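Top to bottom, those sequences are chains A and B.
The first sequence: position 36 = 35 (numbering that gives the first Met the number 0), numbered continuously.
The second sequence: position 12 = 11 (numbering that gives the first Met the number 0), numbered continuously.
Hints may contain errors.
[Unchecked claim] With a straight-line cut-off of 20 Å between C-alpha atoms, the simulated SDA-like cross-links for lysine to any residue are:
hint: 1; chain 1: B; residue 1: Lys86; chain 2: A; residue 2: Ala122
hint: 2; chain 1: A; residue 1: Lys57; chain 2: A; residue 2: Thr125
hint: 3; chain 1: B; residue 1: Lys86; chain 2: A; residue 2: Lys205
hint: 4; chain 1: B; residue 1: Lys18; chain 2: A; residue 2: Glu46
hint: 5; chain 1: B; residue 1: Lys18; chain 2: A; residue 2: Thr165
hint: 6; chain 1: A; residue 1: Lys205; chain 2: A; residue 2: Ala122
hint: 7; chain 1: B; residue 1: Lys18; chain 2: A; residue 2: Ser43
hint: 8; chain 1: B; residue 1: Lys18; chain 2: A; residue 2: Lys245
hint: 9; chain 1: B; residue 1: Lys18; chain 2: A; residue 2: Tyr119
hint: 10; chain 1: A; residue 1: Lys245; chain 2: B; residue 2: Trp91
hint: 11; chain 1: B; residue 1: Lys86; chain 2: A; residue 2: Asp187
hint: 12; chain 1: B; residue 1: Lys18; chain 2: B; residue 2: Ala242
hint: 13; chain 1: A; residue 1: Lys205; chain 2: A; residue 2: Phe155
hint: 14; chain 1: B; residue 1: Lys86; chain 2: A; residue 2: Pro83
[Unchecked claim] Across the chosen pairs, the derived CB separations fall in these ranges:
hint: 15; chain 1: B; residue 1: Val20; chain 2: A; residue 2: Gly30; range: 36 to 46 Å
hint: 16; chain 1: B; residue 1: Trp91; chain 2: A; residue 2: Thr50; range: 19 to 29 Å
hint: 17; chain 1: A; residue 1: Leu140; chain 2: B; residue 2: Trp91; range: 46 to 56 Å
hint: 18; chain 1: A; residue 1: Lys57; chain 2: B; residue 2: Thr137; range: 37 to 47 Å
hint: 19; chain 1: B; residue 1: Arg141; chain 2: A; residue 2: Ser87; range: 49 to 59 Å
hint: 20; chain 1: A; residue 1: Thr8; chain 2: B; residue 2: Glu219; range: 15 to 25 Å
hint: 21; chain 1: A; residue 1: Gly174; chain 2: B; residue 2: Ala27; range: 42 to 52 Å
Keep in mind that the hints were calculated from the coordinates and are not lab data.
Values in this document were obtained by computation on a predicted structure and should not be read as measured data.
Each residue gets a CB set at the ideal place from its N, CA and C atoms; glycine is no exception.
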Amino acid sequence: MTGQAEFLTALLDPAQPAPESLRNPHGGPAGARFDVYRNNVVVSLTEALITGFPTVHKLVGDAFFRAMAGVFLRAHPPGDPRLPLYGSAFPGFLIRFDRVARLPYLPDIAKLDLGMRQSYHAADVTPLSVAGIAPEAVMDLAPRLSPATLILSSRFAVHDIWAFTTRKGAPKPRGEAQDVIITRPAFDPEPHLLPEGGFTLARHLKGKLTLQAALTATITQHPAADMAALMTLFLTSGALTLDTAKDPAP
Amino acid sequence: MLDAACPDRLPPTPGIGYKSVHFDDLMATPGAVTWIEVHAENYMGDGGRPIAQLRALADRFPVSVHGVGLSIGGDHPLDRDHLARLKRLCGWLDPASFSEHLAWSTHDMGYFNDLLPMPYTPETLTRVAAHIDQVQDTLGRRMLLENPSTYLDFAEAQMEETDFLAELARRTGCGLLLDVNNVFVSATNQGREARAYIDAYPLDAVGEIHLGGHDAQTDEHGHPLLIDSHAAPVVDPVWDLYAYTVARAGARPTLIEWDADVPDFATLEQEAARAATILSPQGVPA
């Protein structure tokens with residue numbers, strides 16, 4: 000009698016034989032027949048991680064990523080069947096995974112990959128458009144970040160590393176801390192480098208403060224921030240919405 | 000409201016497993032493709048392109064929602080959160096069909112993204128029937144249950160798969176999704192005759208047929224070991240088994256499944272057209 004717990008325990012540990020009651024239909028122990036399931040599980044979850052963390056995959060290479068994914072998926076299998084959302088524990092895993100200690104920026108790159116995916120699947124809302132609104136009236140609006148807008152603060156040049164890894168002709172990464180805002184104007188998320196003060200401004204935009212109040216609060220903390228550049232970025236990238244209802248599900 | 004083009008059931012003609020790379024071709028020139036099937040778990044986000052594409056497709060084609068993660072064969076209670084997500088999807092989409100697998104994938108340790116096997120016994124029959132009842136009650140619709148590809152046997156098995164499925168259909172009123180490639184794969188792996196499986200199968204309950212490709216390997220004893228892959232064309236012996244099935248069951252909605260190493264749309268459409276030939280009243284004799 001093979002319980003499902005016993006089946007899974009053996010499945011996840013290649014050093015264990017197949018459970019006794021599993022048989023090759025031609026006689027004898029299941030052997031290679033059981034390995035089909037082992038392989039299916041490991042390969043399919045590995046592929047899901049490769050799809051979900053394309054920049055990390057490119058940075059460490061395919062063979063290394065697959066070996067690392069094998070360790071990760073055994074420690075952190077998906078909590079439910081929504082594979083498009085699998086891997087939220089991966090950035091934390093990378094922080095503790097000694098073999099990538101020489102790439103200290105890797106966990107933040109994984110956060111960026113994860114954020115791009117979360118943005119891709121986020122709820123649809125009407126983006127704030129300032130066309131036809133007088134500039135002074137714009138500053139009285141109290142928008143919030145769209146569900147598909149995500150922000151990330153890093154000690155590393157995450158935006159530069161992402162661009163250098165994924166975009167042809169991108170310059171070599173600078174050696175500086177960078178903040179990133181991911182926006183999704185239509186269906187394709189895009190990460191933008193956040194200038195000084197941008198991360199603070201984004202955190203103030205929760206639908207409570209007006210843009211004027213949020214900018215004032217930001218400038219107190221970041222006197223050198225370029226407010227005009229920040230406004231342009233936030234108002235033209237589809238980052239904001241005035242929709243106040245709970246984020247709609249389909 | 001029922002749109003004439005989108006009936007509340009699948010037509011007895013070919014469909015394909017939907018891949019987003021085929022969106023434009025499918026909307027422009029579907030050819031022999033008359034309906035689509037999507038994996039439920041890929042449409043459980045809140046919005047974005049997947050949902051928008053599915054809405055557009057559903058305006059044009061009957062849609063079958065095919066779950067791969069409910070773990071109906073699991074020895075644990077069904078995941079209520081996942082069942083609620085399926086209910087939400089079926090609620091807004093109102094698909095022409097909902098189907099799942101006779102397999103398990105979820106346990107205390109997590110979700111393992113494969114269709115894992117189970118022994119067929121009176122005890123597992125009772126458990127699976129209760130799970131099917133729960134799914135049909137929750138979704139408020141009849142579901143179809145698919146036969147798996149199997150690679151090994153259980154010493155404790157007491158029932159044939161065909162009897163197990165027939166009894167599930169009888170007890171729960173569920174329909175069946177007959178995967179002809181899985182029949183061929185399992186029969187070959189067990190050294191049995193695939194046509195005998197079809198002969199013993201409750202064809203009256205078939206609401207949909209699946210066709211797909213597999214990998215051919217051998218095990219450590221030199222016996223053939225076929226592996227369901229959905230990554231290749233349907234092979235000729237499976238087409239023959241399909242024609243044999245259609246000759247006995249009549250025309251049924253038939254899906255071409257191709258989930259990995261996805262080809263261009265023209266290749267998929269040709270597979271659908273081949274199925275259409277067999278489904279037509281003058282069908283290929285088997």
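How the hints compare with the structure:
Between Lys86/B and Ala122/A the alpha-carbon distance is near 18 Å, which keeps this suggested pair within the 20 Å criterion. For the proposed pair Lys57/A and Thr125/A, the alpha carbon gap of about 34 Å is over 20 Å, so the pair is violated. The hinted pair formed by Lys86/B and Lys205/A fails the criterion: a straight-line CA distance of about 31 Å is larger than 20 Å. Taking the CA atoms of Lys18/B and Glu46/A, the gap is about 16 Å. The hint holds against a cut of 20 Å.
For a cut-off of 20 Å, the pair hint linking Lys18/B to Thr165/A is broken: about 24 Å separates their Cα positions. Between the alpha carbons of Lys205/A and Ala122/A the distance comes to roughly 16 Å, so the proposed pair stays at or under 20 Å and holds. Of the supplied pair hints, the one linking Lys18/B and Ser43/A holds, its CA atoms being roughly 17 Å apart against a limit of 20 Å. Proposed proximity of Lys18/B and Lys245/A is contradicted: the alpha carbons are some 30 Å apart, above 20 Å.
At roughly 17 Å between alpha-carbon atoms, Lys18/B and Tyr119/A fall within 20 Å of each other, so this suggested pair holds. Taken as a hint, the Lys245/A and Trp91/B pair is honoured in the structure, with Cα atoms around 18 Å apart against an allowance of 20 Å. Taking the CA atoms of Lys86/B and Asp187/A, the gap is near 28 Å; set against the 20 Å cutoff, the hint is violated. Of the supplied pair hints, the one linking Lys18/B and Ala242/B is violated, its CA atoms being roughly 26 Å apart against a limit of 20 Å.
Taking the CA atoms of Lys205/A and Phe155/A, the gap is near 26 Å; set against the 20 Å cutoff, the hint is violated. Distance restraint check for Lys86/B and Pro83/A: the Cα-Cα separation of roughly 19 Å lies within the 20 Å cut-off, and the hinted pair is therefore satisfied. Val20/B and Gly30/A have their C-beta atoms about 38 Å apart, which keeps the hinted 36 to 46 Å range intact. Between Trp91/B and Thr50/A the C-beta distance comes to about 25 Å, which sits within the given range of 19 to 29 Å.
For Leu140/A and Trp91/B, the Cβ-Cβ distance of about 31 Å falls outside the hinted range of 46 to 56 Å, so the restraint is violated. Remark: the range hint 37 to 47 Å for Lys57/A to Thr137/B is upheld by a beta-carbon distance near 42 Å. At about 35 Å, the beta-carbon gap between Arg141/B and Ser87/A misses the expected band of 49 to 59 Å. Taking the beta carbon of each, Thr8/A and Glu219/B are about 22 Å apart, inside 15 to 25 Å as hinted.
The hinted window of 42 to 52 Å between Gly174/A and Ala27/B holds, with their beta carbons roughly 49 Å apart.
Consistency with the previously given hints fails for numbers 2, 3, 5, 8, 11, 12, 13, 17 and 19, ordered from lowest to highest.
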